[in-house]
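Q: Take a look at the letters that make up each chain.
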Amino acid sequence: QKEVEQDPGPLSVPEGAIVSLNCTYSNSAFQYFMWYRQYSRKGPELLMYTYSSGNKEDGRFTAQVDKSSKYISLFIRDSQPSDSATYLCAYGGTSYGKLTFGQGTILTVHP
Amino acid sequence: DVKVTQSSRYLVKRTGEKVFLECVQDMDHENMFWYRQDPGLGLRLIYFSYDVKMKEKGDIPEGYSVSREKKERFSLILESASTNQTSMYLCASSYRQFEAFFGQGTRLTVV
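Each protein sequence line maps, in turn, to chains V and B.
Using the numbering used here, the first residue of the first sequence is number 386, and each one after it goes up by one.
Using the numbering used here, the first residue of the second sequence is number 634, and each one after it goes up by one.
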């Protein structure tokens, strides 16, 4: 079993839709949960992070962690074509900064 | 802005060749990483380094080695390239437990 399982997608939605991206994880030791966004032909960039359980909101994006069910979610409201990218969930928390990533979900938002 | 620079965007090498992938970061980060990214498998950690001359194996180190002689530079070496090492290789650096800064990636094809 992979440490982080991510809904494989791909996902195609119309502009303005609400998008839900989800991951489950197996190792309870880590405290940081992250979403990275990767545009085509670019490296991933940190989009949001959450420490332990709870919600975090940043504009149209909400990250949610439920440690009891080991579930990580990212919600995108009013999705835009510029949100089209690969989204990667990850977790970590060691002093070396080692991260474990999910498989990634390709999201396409069409006008 | 943090910059992580990988020496090549695209490489084509022959089976059995020794291949060097170079990565340089300009933010004095302690930690550096090499990942490979394959469709459906996400990012998988090959090796990481938390200090000069220090290295640790990641999840898939077989067939690879690394070198970190200077803090800003982390090299990935394929001792004898094989076709199953055809992949996107991503270098990253970090100073915090949750944020890694990635280079633009090197797409390596082994023929």
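Worth flagging that the hints you see were computed from the coordinates, not collected in a lab.
Some hints could be false.
[Claimed, not checked] With a straight-line cut-off of 20 Å between C-alpha atoms, the simulated SDA-like cross-links for lysine to any residue are: (1) V:483 <-> B:643; (2) V:441 <-> V:409; (3) V:387 <-> B:690; (4) V:483 <-> B:677; (5) V:483 <-> B:636; (6) V:387 <-> B:703; (7) V:427 <-> B:640; (8) V:427 <-> B:687; (9) V:483 <-> B:695; (10) B:703 <-> V:481; (11) V:427 <-> B:695; (12) V:427 <-> V:466; (13) B:636 <-> V:432; (14) V:427 <-> B:694; (15) V:483 <-> B:729; (16) V:427 <-> B:689; (17) V:452 <-> V:430; (18) B:690 <-> V:493; (19) V:427 <-> B:671; (20) V:427 <-> B:696; (21) V:483 <-> B:716; (22) V:483 <-> B:691; (23) V:427 <-> B:721; (24) V:483 <-> B:705; (25) V:427 <-> B:672; (26) V:427 <-> B:719; (27) V:483 <-> B:742; (28) V:483 <-> B:642; (29) V:441 <-> B:729; (30) V:441 <-> V:430; (31) V:387 <-> B:694; (32) V:483 <-> B:689; (33) V:483 <-> B:728; (34) V:427 <-> B:690; (35) V:427 <-> B:644; (36) V:427 <-> B:732; (37) V:387 <-> B:693.
[Claimed, not checked] Covered stretches of chain B (in silico footprint by chain V; criterion: 3 or more residues with CB under 8 Å from a CB of chain V, positions within the stretch not fixed): (38) 672 to 679; (39) 703 to 713; (40) 736 to 743.
We put the CB at the ideal spot given by N, CA and C, even for glycine.
Q: Check each numbered hint against the structure and report the violated ones by number, ascending.
A: 1, 6, 8, 11, 14, 16, 17, 18, 20, 21, 27, 28, 34 and 39
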